[in-house]
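Chemist: For the record, the sequence lines run as chains Y and D.
Just so you know, our numbering puts 34 at position 34 of the first sequence, and the rest follows in order with no gaps.
Count along the second sequence from 1, add 1000, and you get the number used in our numbering.
These are calculated hints, taken from the structure and not from any lab test.
From a predicted model like this one, the values you see are computed outputs, not experimental measurements.
From the three backbone atoms N, C-alpha and C, an ideal C-beta is built for every residue, glycine too.
Careful: at least some of the hints might be erroneous.
[What the hints assert, rightly or not] Okay, the calculated beta carbon distance ranges per label pair: (1) Y:G27 <-> D:S1381: 44 to 52 angstroms; (2) Y:S44 <-> D:V1018: 42 to 50 angstroms; (3) D:D1305 <-> Y:P40: 19 to 27 angstroms; (4) Y:H60 <-> D:V1018: 40 to 48 angstroms; (5) Y:A4 <-> D:D1077: 42 to 50 angstroms; (6) Y:N52 <-> D:P1079: 41 to 49 angstroms; (7) D:T1008 <-> Y:E18: 23 to 31 angstroms; (8) Y:E8 <-> D:E1334: 29 to 37 angstroms; (9) Y:E37 <-> D:G1185: 53 to 61 angstroms; (10) Y:E63 <-> D:G1316: 28 to 36 angstroms; (11) Y:A4 <-> D:D1135: 54 to 62 angstroms.
[What the hints assert, rightly or not] From chain Y, some residues computed to sit far from chain D (all C-beta separations above 10 angstroms): (12) H33; (13) A46; (14) P55.
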Amino acid sequence: MKVAVDHELCEGNGRCAEAAPRVFALGADDLSHVLLEHPPDELSGAVARAINLCPRQAIHLIED
Amino acid sequence: MKALTLETIDIVNPDLFVERGYPHEEWTLLRREAPVFRYERPDVPPFWAITKHADIMTVSRQPDLFRSDQILFVTVDDPGAPVDEVILRQLLNMNPPEHGAYRAVVNRRFTPRAVRSLANQIERITTEVLDGLLDKNECDFVTEVAAKLPLAVIAEMFGIPRADWPMMFRLSNALIAPADPEYAGTATIKETIDQARMEFFQYFSALVEDRRKNPREDLASTLANGCVHAQQLPVFELLSYFALLIIAGNETTRNATSGGLHALINNPEQWRRFQNDPSMAPSAVEEILRWTSPVIQFTRIPTRDTELHGQQLREGEMMALFYPSANRDEEVFEEPFKLDIGRTPNPHLAFGIGEHYCLGANLARLELQVMFRQLATRFESIELAGPIERMRSSFVGGIKHMPIRYKMHPRT
């Protein structure tokens, strides 16, 4: 499974970057970019929080 | 202490919203005993009342299964209300993929970064509005303060001249609460809506024509010259979009402002806490949003038979999501009926979540933070000088008038 942000939904709210700064970062394009598509296990809690907190529900775990 | 039962509670009559405000006792009963409840009453088209935080999240996250449609909210039948008529066609009525295409026309202007660039302007407008209170010690907080900031901000974003702001205010009120006699006069709901829409559309048509000929940097130009699928927006959808942004940009923030001050007045220890540390504005505003939750409900309709929290929903059956109820969900919030301006985390759903998450959320937050920080620092004391008057609506919870008596610090 890898982490992906749907750029059609993303509006740069940045909750993901707050919850999991090693996994997500807002770019100059005001969109969230995934820094680690396969984050280590110890970040799974933070990633789960990011997925939940995203106001647009734009973050997904997808099959590789 | 009246005994509430599932068979007799009323959660949609707009008169009750005027009398007692939000039906929190009723929603608490529903959350506890029937979180997905088939609401059937003689004068209301039947619907499923969805009252829990988790269920509203589940529904909101699946816009293909639970679609938005023409009817935005459930209420009691009124012979003077429009039936089966398309009033506006805009983001709230749309579904993926069309919804995203329309939202993309303006959403860049509402991102946190874009909104931050408005901070100085919002500060200036707030300062001016509150300066207007310096030479007296009583006012109607709603009309003289709460209503002015969001109206000025959205109108300036649009490029609408100040002379036209009273008209924008009047038409917004008529379209969002046509069942309130203060906004409708003696006209029926349908007459009020038709008249307000016609005036809005005439005004926006002229604005569109101008901005197509002479585009500026304003939001009106972005909309007028915007494209969906490489084409300019069709007229009805374009004018509806203008109306949506003006109304939404105007009404809900006003209600959070008045409702927030009302809550602080009724919770003096929280007010003092805020005055002692105005840097708490961000968490205070989140708590005000959770507490006031100005949007009472939005509807959804299942596109196929489905199950929700053990109930079988049939395709096409109206559902109503009650956001203020989610915001008092005891399974999500500790002591939900306690106002705590330091509450963290605060996963409220005042702005919804998912596909239709409030486009103006970041703008609303900034306006509220600036306003409440100034209220906390510029006022020594604020108290009610009379009873509040609530808006007659089961869609948006508003205070129309709030007389206050106050002492301000002199301007330095």
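Chemist: Does each hint fit the structure? Answer for all of them.
Modeler: Hints, one by one, checked against the model:
1. Y:G27 <-> D:S1381: 44 to 52 angstroms: 47 angstroms, holds
2. Y:S44 <-> D:V1018: 42 to 50 angstroms: 49 angstroms, holds
3. D:D1305 <-> Y:P40: 19 to 27 angstroms: 42 angstroms, violated
4. Y:H60 <-> D:V1018: 40 to 48 angstroms: The hint (40 to 48 angstroms, Cβ to Cβ) holds, given that H60 of chain Y and V1018 of chain D are roughly 44 angstroms apart.
5. Y:A4 <-> D:D1077: 42 to 50 angstroms: Holds, at about 46 angstroms.
6. Y:N52 <-> D:P1079: 41 to 49 angstroms: 45 angstroms, holds
7. D:T1008 <-> Y:E18: 23 to 31 angstroms: 45 angstroms, violated
8. Y:E8 <-> D:E1334: 29 to 37 angstroms: 36 angstroms, holds
9. Y:E37 <-> D:G1185: 53 to 61 angstroms: Hint holds: Cβ distance 60 angstroms, inside 53 to 61 angstroms.
10. Y:E63 <-> D:G1316: 28 to 36 angstroms: 33 angstroms, holds
11. Y:A4 <-> D:D1135: 54 to 62 angstroms: 57 angstroms, holds
12. H33: 15 angstroms, holds
13. A46: 14 angstroms, holds
14. P55: 4 angstroms, violated
The structure shown violates the earlier hints numbered 3, 7, 14.
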